[in-house]
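*Asks:* Position one of the sequence shown corresponds to residue 1 (the UniProt record's numbering), numbered consecutively onward.
Fair warning: there could be bad hints in the mix.
[Stated by the list, open to error] Pairs of lysine to aspartate or glutamate, DMTMM-like flavour, derived with a Cα cap of 25 Å:
# : residue 1 : residue 2
1 : Lys-390   : Asp-324
2 : Lys-536   : Asp-453
3 : Lys-390   : Asp-453
[Said to hold, decoys possible] For each label pair, taking beta carbons as the anchor points, the in silico distance ranges come out as:
#  : residue 1 : residue 2 : range
4  : Arg-424   : Val-262   : 36 to 46 Å
5  : Arg-86    : Ile-255   : 41 to 51 Å
6  : Thr-412   : Phe-91    : 45 to 55 Å
7  : Ile-59    : Leu-418   : 42 to 52 Å
8  : Val-258   : Leu-8     : 14 to 24 Å
9  : Ser-313   : Gly-257   : 45 to 55 Å
10 : Leu-265   : Gly-89    : 36 to 46 Å
Treat the hints as calculated values from the structure; they're not laboratory data. Computed from a prediction, not measured in an experiment: that's the story for all the values here. We put the beta carbon where it would ideally sit given N, CA and C, even for glycine.
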Amino acid sequence: MLVEYSSLITLIALTAILAFSFYAVLIAGQLSLAQLGLASLAAFTSSLVVPDEPLFGFIPPLAVGIVFGMCVGILAAFILGLPVIRLRGVFLAIATLAFGEMVRIFLINQTWTNGAQGLGFPKLVGIEVAWIALIVVAYWFWRLSGSRMGRAFAAIREDELAATTMGINVARYRMASFVIAGAVAGLYGVLLAYFSRFADPNEFSFTAAVDGLVTAVVGGVTLFVGPLLGSVFLSVLPELQRLLGINAGWIRPTISGVLLLVVILFLPGGLSGLIPRRKSAKRLVANPALRPDLPALPAPGTELVSLQGIGKSYGGVHAVRSVDLSVQAGEVLGLIGPNGAGKTTLVNMVTGLTPPSTGTGVVLGAALTAGTKAHRLAQSGVARTFQQIKLFNRLSALENVLVGGYRITHDTLLRRLLFLPSARRFEREAVAMASAQLIRVGLGDKAANAAGDLSYGDQRRLEIARALASHPSLLVLDEPAAGMNHVEAGRLSELIRSLAADGIAVLVIEHNVRMMLATCDRIMVLNFGEVIASGKPADIARDPKVLEAYLGSAGNDADVEAASVLAAENLAEVAVELAREHEQGPDAVIGDDAEPNGAAEPEDKR
């Protein structure tokens, strides 16, 4: 029976390898259709170098072809990636599809490929070779999935902007996924040619590329076994069709199209998404013994941020105008002001997401210029949260925080491939560090929950934990108390003060003025992009210009509440009120499972 179905079994392995070449880019959130063009280049060029006899008397001819074909795939993918790496979505798909068609037409018009008549190859690939190759490829992606590189790919797939602020060089990793896809596609091209004993440029057509993409998508990109599942499922369809005596050629593409729609609409994780993932029901317990070696934080009082006359203009609109700002290690600096005052634009410049139009600035020793990269600032020790939550929703809470620790983790893919003890040690340290941060924000019992399934308040806390995982010197929080009631805000205030006590500089934007007055060492008030007040909380609470800015706003609820707090003009009373509210909910810790009474979520979360 094995002999009878040997061709089918071999084709399942080869189709899975092709699907892995699509999987390599899909896990990084890219849609490329160049793989068949890369495979055809590898197949035909390998025919030029494969010897008739073993090289040096012991290297099999097929091994020479595989190595050469993979190198061709890598080189071609790298060259292709240079101009297209900045494209996204359908534009990337169109560009790579055009590449594949260009390669096909080029090969058809070459004499050394025998044109459209195709080229003959010796039979060097059977079941054993095909499945050994598949096992090696699958092993690579298995070890990749839990590595530092694999987490970076997953982060880029979920949210490129958030990944950048974790210190991940998005462009470099996108290129890496292209190169990996090129290597796997090159392997597939060589194996297919030496299995079928014939290669025709038209075999590597757009239709074949779509089949490979469908196989990968149907199998799923959340687990490394997805391409194999998709290959088995789709490869047996023609055999079932043959056994049933159905000769209609439209059935397989129709079924493939229907499956693709079903997966996109109802099963985003593909067939592999049906495989239950192991979850731990235990609450995480911190293990200080596994704490990794972390870089020392700057000495308290060290100036970490220095801005002079910084500004940002969009055409004739001045979002931020001539702001001077400094932040020191161990200090909590608050930015308040009505909506549209320019607060988020200012912190975007501090974190490297937006280049300044005017002025000068230095953050952790790096000058803010048009060429400043956000991922480089993140690698230097800048971490942040966002006004609109940017979590990796399909990853668990623990996996989100593990991505946050990208800057300080040390494992490499090579260590994981070789199963070195150091790889296991680094992984345990990374998990221990991430667990400690989840526990710190009160999410220790929700580590296995998908980030997208958490409540709004828990998502806010998870974003803070992810930022803390990078062991930052400067932490930027953009409206971290949004959606929290006064009790939760009090707990958040305590957390921020504890971070400052640890030596972290905290720059926080918040509309909850009551919390800001009780939390910050200094407060800066922006209005229409300009600083209208700066100083101690007690001075800010009594500044008539600040009160006027809020009362003169457009009537936003947060601004009206802030104005009412400021109108009290008594910081001591505000602090006493905050403490009294805190005492009303001693069990409502920042990470409680139940929402405290009175908690309100934004309308888009209700």
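*Asks:* It remains to establish, for every hint, whether it holds in the given structure.
*Replies:* Hints versus structure:
{"no.": "1", "hint": "Lys-390 with Asp-324", "verdict": "violated, 29 Å"}
{"no.": "2", "hint": "Lys-536 with Asp-453", "verdict": "violated, 39 Å"}
{"no.": "3", "hint": "Lys-390 with Asp-453", "verdict": "holds, 14 Å"}
{"no.": "4", "hint": "Arg-424 with Val-262: 36 to 46 Å", "verdict": "holds, 39 Å"}
{"no.": "5", "hint": "Arg-86 with Ile-255: 41 to 51 Å", "verdict": "violated, 36 Å"}
{"no.": "6", "hint": "Thr-412 with Phe-91: 45 to 55 Å", "verdict": "violated, 33 Å"}
{"no.": "7", "hint": "Ile-59 with Leu-418: 42 to 52 Å", "verdict": "violated, 23 Å"}
{"no.": "8", "hint": "Val-258 with Leu-8: 14 to 24 Å", "verdict": "holds, 22 Å"}
{"no.": "9", "hint": "Ser-313 with Gly-257: 45 to 55 Å", "verdict": "holds, 49 Å"}
{"no.": "10", "hint": "Leu-265 with Gly-89: 36 to 46 Å", "verdict": "violated, 18 Å"}
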